[in-house]
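Student: Following the hints, put chain H in place on chain A, whose structure we already have.
Each chain, written out:
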Amino acid sequence: DVKVTQSSRYLVKRTGEKVFLECVQDMDHENMFWYRQDPGLGLRLIYFSYDVKMKEKGDIPEGYSVSREKKERFSLILESASTNQTSMYLCASSNSGRLYNEQFFGPGTRLTVL
Amino acid sequence: GENVEQHPSTLSVQEGDSAVIKCTYSDSASNYFPWYKQELGKRPQLIIDIRSNVGEKKDQRIAVTLNKTAKHFSLHITETQPEDSAVYFCAASNGNNRLAFGKGNQVVVIP
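Same order as they appear, the protein sequences are chains A and H.
Residue numbers are given in this note's numbering: position 107 of the first sequence equals residue 107, and the series is strictly consecutive.
Throughout, this note's numbering is defined as the position within the second sequence, counted from one, plus 1000.
Excised from the complex, chain A in its bound form (with noise of 0.2 Å):
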């Protein structure tokens, strides 16, 4: 049974704050992205990596930043927190061996900024 955890589910931080926000797989899919869902946006993705130390921009990374120096574990870091980037961030993994894979979500992690 595939487990994606983030650090927390909620999260209240000041403006110019630097936010860290962590998830972890426990399945080793190479695969784990960071989406950021807003009623009536959908789900945007942030950022994606494929590999230990690889990442790619995705559709909205601007004002963000990420981590991955370990196979199960991929941050987001909002290096100085801002107004607009009050949302839900959601953190997902994927395995690559096949080429159609699952993607399995994290509980989300509710970020306001004051």
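These aren't lab readings, by the way, just hints derived from the structure by calculation.
Fair warning: there could be bad hints in the mix.
To be verified - Which stretches of chain H does chain A cover? Using the computed rule of at least three CB atoms under 8 Å from a CB of chain A, they are:
#1 1043-1055
#2 1086-1097
#3 1101-1110
What the hints assert, rightly or not - List time: in silico BS3-like cross-link candidates among lysine-lysine, alpha-carbon distance up to 30 Å:
#4 H/K1057 <-> A/K3
#5 H/K1103 <-> A/K57
#6 A/K53 <-> A/K18
#7 A/K3 <-> H/K1037
#8 A/K71 <-> H/K1037
#9 A/K71 <-> A/K53
#10 H/K1103 <-> A/K18
#11 A/K57 <-> H/K1042
Even glycine gets a Cβ: it sits at the ideal position worked out from N, Cα and C.
Tutor: Leaving out everything else, chain H in the frame of chain A:
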């Protein structure tokens, strides 16, 4: 890049009736089309998917149809039940491990 659109944004159905959600995609190279269900307060989960080499796939009360010529695919839920109330996301991929998601449909099943 791929652009996926979902219609309608909100759908209300009487319990027992059928619900149909349609998605269109823009990239003719897309060949994998999954549907994810997200119940209130929970994470999205895959419920059914279809590859471009088939036109229809069924799993109990849900089915997905694909029209590659028109570049659209649809989710069909028959005999709807209250537990079908959720947000449904369609997605498309060209096999690059990335999914382009639609904006989601809120389905409300009225008892």
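Student: Given the proposed pairing of A/K71 with H/K1037, does the C-alpha separation stay at or below 30 Å?
Tutor: holds (27 Å)
Student: So if I understand the rule, the pair passes when the alpha-carbon distance is 30 Å or less; does A/K3 with H/K1037 pass?
Tutor: holds (17 Å)
Student: In terms of beta carbon proximity below 8 Å, does the stretch 1043-1055 of chain H have 3 or more residues touching chain A?
Tutor: holds (count 6)
Student: Are the Cα positions of A/K53 and A/K18 separated by 30 Å at most?
Tutor: holds (21 Å)
Student: Holds or violated: A/K57 and H/K1042, Cα atoms, limit 30 Å.
Tutor: This hinted pair holds, its Cα atoms lying about 26 Å apart.
Student: Next pair to validate is H/K1103 with A/K57; report whether the Cα-Cα distance is within 30 Å.
Tutor: With Cα atoms ~20 Å apart, H/K1103 and A/K57 stay inside 30 Å; holds.
Student: So if I understand the rule, the pair passes when the alpha-carbon distance is 30 Å or less; does A/K71 with A/K53 pass?
Tutor: holds (9 Å)
Student: Is the listed coverage of the stretch 1086-1097 of chain H by chain A valid when you require three or more residues with a beta carbon under 8 Å from a beta carbon of that chain?
Tutor: holds (count 4)
Student: Please work out if H/K1057 and A/K3 have their alpha carbons no farther apart than 30 Å.
Tutor: holds (27 Å)
Student: Under a C-beta cut-off of less than 8 Å, do 3 or more residues of the stretch 1101-1110 of chain H approach chain A closely enough to confirm the stated coverage?
Tutor: holds (count 4)
Student: Given the hinted pair H/K1103 and A/K18, is their Cα-Cα distance within 30 Å?
Tutor: Holds, at about 29 Å.
This entry satisfies every hint, going by the numbered hints stated previously.
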